[in-house]
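Colleague: Mind docking chain S on chain P? Use the hints.
Number of protein chains: 2
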Amino acid sequence: MPRPSCRPQIVEAAVSEFHRLGYHGCSVDTITKAAGVPKGSFYNHFSGKDELAAEVVGLYQSRSAFREYEPAGDESPLTELRGRFRAVAERHRDRDFARGCLLANLGAELGGSVPRVRDAVDEAWRGWTARVADLVTRAVAAGELPGGVRPEAYARFLLDAFEGAVTRAKVERSMTPLDDFFDHAFGLVSAGGTRA
Amino acid sequence: MPRPSCRPQIVEAAVSEFHRLGYHGCSVDTITKAAGVPKGSFYNHFSGKDELAAEVVGLYQSRSAFREYEPAGDESPLTELRGRFRAVAERHRDRDFARGCLLANLGAELGGSVPRVRDAVDEAWRGWTARVADLVTRAVAAGELPGGVRPEAYARFLLDAFEGAVTRAKVERSMTPLDDFFDHAFGLVSAGGTRA
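Residue numbers (this note's numbering), protein chains in the order written: chain P, 76 to 271; chain S, 76 to 271.
Same shape as in the complex, but just chain P (with noise of 0.2 angstroms):
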């Protein structure tokens, strides 16, 4: 009978270390301690550090509380758009905000330095705006929000705007920059904001 693989304690592990570590601020050595797992088993199943963190950033998305929200069934687009936004809010600061999000921590640290994880941060920024772009669209279409709001850029400005509030709060240990997000982000109506 095989033996059982390391891989999913080593990727679980990995979820949490880097998130709470960054990417240069832990080792193969401590996501395998961290995993209980023989620091050899890492290199049956990863090439290197940058494919375990790329699978990491793609695991971490699927799971973010932004789809994990179910919306009641008569929410408005918008009404869902704020409240997906705000289950992830909640999930920081269930973490006391201590750990930020850990694409933009990635991105932040990394930018193009690693491809392979600049890679899987775009993708998952990319995947998320879309789903952001899609609520937009459709509070468009309820008018909830003017004709001429372009869904693509205002998804963009809206969860550059979140991440940054994340990150801030990750600083400040506190709720108040994502508070300030919810207070301004979902009120631009302006000629720039809506043009064509």
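One should not assume that every hint holds.
[To be verified] Straight-line Cα separation of at most 25 angstroms, SDA-like style, residue types lysine to any residue; simulated pairs:
#1 Lys114(P) with Tyr135(P)
#2 Lys108(S) with Tyr135(P)
#3 Lys114(S) with Lys108(P)
#4 Lys108(P) with Gly100(S)
#5 Lys108(S) with His99(P)
#6 Lys114(P) with Lys108(S)
#7 Lys108(P) with Lys108(S)
[Said to hold, decoys possible] A few chain P positions that, by computed beta-carbon distances, are all more than 10 angstroms from chain S:
#8 Ser80
#9 Gly97
#10 Gly111
#11 Lys114
#12 Ser139
#13 Glu145
#14 Pro146
#15 Glu150
#16 Arg166
#17 Ala179
#18 Gly186
#19 Arg206
#20 Gly222
#21 Ala228
#22 Phe256
The hints are simulated quantities; they were obtained by calculation from the structure and are not laboratory data.
Positions of the beta carbon are idealized from the N, C-alpha and C atoms, including for glycine.
Modeller: Here is chain S on its own, set in the frame of chain P:
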């Protein structure tokens, strides 16, 4: 005659290396090599990497394009505010967006895990927020923004949204996130954004 101190070279090299590589991505050895000084000289001047990074954060902020921007004599407060953010965006573009903002990078990478650096980032962001809030206050007085705008909260929102866009620009190597910021961030007139 005393030997000239290596301190200024160390600080200047550190501005560049922390910005390029992050906090855990560079070591005292990396920095002293980049400075062209003996590694041993480092501890004559700094108790550790955290003390140096905190000083670098303050220096980085003091040289920001936001502060160095010179408004035309007849610029309105809101035009000046946009112009200052635009100057920062252009400096990022001049670096092909590769470095991002040192404050957001260190804030996202470290949070509170290195308290001295956290405090420096927090202080730099508070100072920047105060400069934005001052221009928002003047824009409200000039009738360029609605009277219900809360300058401090809106300034925080603007700055966090900008920093989020800079981080995404770093990942995408593109001006698009910053264009999204300028297209949307100044259009707040909602009940939420202008509540008393």
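Colleague: Hints first: check each against the structure and report whether it holds.
Modeller: Against the structure, the hints come out as follows:
1. Only pairs whose Cα atoms come within 25 angstroms are accepted, and Lys114(P) paired with Tyr135(P) is accepted, the gap being roughly 23 angstroms.
2. Distance restraint check for Lys108(S) and Tyr135(P): the Cα-Cα separation of roughly 37 angstroms exceeds the 25 angstroms cut-off, and the hinted pair is therefore not satisfied.
3. For the hint linking Lys114(S) to Lys108(P), the alpha-carbon distance of about 31 angstroms lies beyond 25 angstroms, and the restraint is violated.
4. With a C-alpha separation of about 21 angstroms, the suggested pairing of Lys108(P) with Gly100(S) holds against the 25 angstroms cut-off.
5. A distance of roughly 19 angstroms separates the Cα atoms of Lys108(S) and His99(P); the hinted pair therefore holds under the 25 angstroms criterion.
6. Taking the CA atoms of Lys114(P) and Lys108(S), the gap is near 31 angstroms; set against the 25 angstroms cutoff, the hint is violated.
7. For the suggested pair Lys108(P) and Lys108(S), the alpha carbons sit about 32 angstroms apart, so the restraint of at most 25 angstroms is broken.
8. At the 10 angstroms boundary, the C-beta of Ser80(P) stays outside the reach of chain S, the nearest C-beta of that chain being 29 angstroms off.
9. With a least CB separation of 5 angstroms from chain S, Gly97(P) falls inside the 10 angstroms interface cut-off, contrary to its annotation.
10. Against the 10 angstroms criterion, Gly111(P) stays outside the reach of chain S, whose nearest CB is about 23 angstroms from its own CB.
11. No Cβ of chain S approaches the Cβ of Lys114(P) within 10 angstroms, the least distance being about 20 angstroms, so the stated non-interface status holds.
12. Interface exclusion of Ser139(P) from chain S stands, the closest Cβ pair being 16 angstroms apart, more than 10 angstroms.
13. The claim that Glu145(P) is not at the interface with chain S holds, since no C-beta of that chain comes within 10 angstroms of its own (minimum 24 angstroms).
14. A cut-off of 10 angstroms between C-beta atoms confirms that Pro146(P) is not in contact with chain S; the least separation is 20 angstroms.
15. A cut-off of 10 angstroms between C-beta atoms confirms that Glu150(P) is not in contact with chain S; the least separation is 18 angstroms.
16. Under the 10 angstroms C-beta cut-off, the non-interface status given to Arg166(P) relative to chain S holds; the minimum distance is some 16 angstroms.
17. Look at Ala179(P): its CB is around 5 angstroms from the nearest CB on chain S, not clear of 10 angstroms, so calling it non-interface is violated.
18. The non-interface label for Gly186(P) is inconsistent with chain S: the shortest C-beta to C-beta separation is roughly 4 angstroms, within 10 angstroms.
19. Arg206(P), annotated as away from the interface, keeps every beta carbon of chain S farther than 10 angstroms; the closest lies near 16 angstroms.
20. Every CB of chain S lies more than 10 angstroms from the CB of Gly222(P), the least distance being 15 angstroms, so the non-interface label holds.
21. The claim that Ala228(P) is not at the interface with chain S is violated, since a C-beta of that chain comes within 10 angstroms of its own (minimum 5 angstroms).
22. For Phe256(P), the shortest C-beta to C-beta distance to chain S comes to about 6 angstroms, within the 10 angstroms cut-off, and the non-interface label is violated.
Going through the hint list in order, the structure does not satisfy hints 2, 3, 6, 7, 9, 17, 18, 21, 22.
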